[in-house]
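Enquirer: Given chain A, work out where chain B should sit, using these hints.
Residue numbers (the numbering used here), protein chains in the order written: chain A, 1 to 100; chain B, 1 to 100.
Derived from the structure by calculation, the hints contain no laboratory data. Bear in mind that the values here come from a model prediction, so they are computed numbers and not experimental data. Be a bit skeptical, because a hint or two may be false.
One copy or any two copies: either way a pair holds, since identical chains are not told apart in the list.
The calculated lysine-lysine pairs, modelled on DSSO-like cross-linking and capped at a C-alpha distance of 30 Å, are [stated by the list, open to error]: (1) K36 with K68; (2) K68 with K79; (3) K68 with K94; (4) K39 with K94.
2 protein chains.
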Amino acid sequence: MGQCHCHKKRKDSQELTDVERAIEIVINNFHRYAVKGRKECLTPNELRELVVQQLPQLSQHVCSLDEKIECLGDPDEAKLEFGEYWAIIGEAAKGCRVKK
Amino acid sequence: MGQCHCHKKRKDSQELTDVERAIEIVINNFHRYAVKGRKECLTPNELRELVVQQLPQLSQHVCSLDEKIECLGDPDEAKLEFGEYWAIIGEAAKGCRVKK
Numbered sequence: 001m002g003q004c005h006c007h008k009k010r011k012d013s014q015e016l017t018d019v020e021r022a023i024e025i026v027i028n029n030f031h032r033y034a035v036k037g038r039k040e041c042l043t044p045n046e047l048r049e050l051v052v053q054q055l056p057q058l059s060q061h062v063c064s065l066d067e068k069i070e071c072l073g074d075p076d077e078a079k080l081e082f083g084e085y086w087a088i089i090g091e092a093a094k095g096c097r098v099k100k
Numbered sequence: 001m002g003q004c005h006c007h008k009k010r011k012d013s014q015e016l017t018d019v020e021r022a023i024e025i026v027i028n029n030f031h032r033y034a035v036k037g038r039k040e041c042l043t044p045n046e047l048r049e050l051v052v053q054q055l056p057q058l059s060q061h062v063c064s065l066d067e068k069i070e071c072l073g074d075p076d077e078a079k080l081e082f083g084e085y086w087a088i089i090g091e092a093a094k095g096c097r098v099k100k
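Here chain A stands alone, though its shape is the one from the complex (with noise of 0.2 Å):
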């Protein structure tokens, strides 16, 4: 349970491209931070918790990440679903690719 579908389905690691293990540990680091409530989903203070442990580099090029966070809703109760996450992940993938 909350771990990424083709991780468990293939025999060995080899299977997946460089490029699907690296969107596989995007996939895992989600479920590894939902631990509150349905794993299926983060709160904005888990959601907050990753970025701070997990993305201290990429988070300096999204200055209104922690904004974005607090409206999210309650700290820690709002649900913040896959979908969300990634979109946030790409917000600030996208900020740090143009500032070059």
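Expert: Relative to the frame of chain A, chain B by itself:
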């Protein structure tokens, strides 16, 4: 040009976490295939090539990925920005994650 800014700025890859390095791989994969026309965009054909070569396992979880690519417009002329690429991978990752 066309590489993740984080990568250029830091002196040592140890400064990035595993998750950040994973995100960097997904970012750089976009630029690796965005060779025709504007370097900042993928054409539908470039995206198809990327999916076939880099996401063979992940794309199995998204039945309609090929249809989606066809809907993007002229195979060699339409321009797909980074945010759209990120969203398509997120949809595939979501499909992969749910089917467990």
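Enquirer: All hints are to be evaluated individually against the structure, with a verdict given for each.
Expert: Hint check results:
{"no.": "1", "hint": "K36 with K68", "in the structure": "within (20 Å within a copy, 35 Å between copies)"}
{"no.": "2", "hint": "K68 with K79", "in the structure": "both (14 Å within a copy, 29 Å between copies)"}
{"no.": "3", "hint": "K68 with K94", "in the structure": "both (16 Å within a copy, 22 Å between copies)"}
{"no.": "4", "hint": "K39 with K94", "in the structure": "both (27 Å within a copy, 14 Å between copies)"}
Of the numbered hints given earlier, the model fails none.
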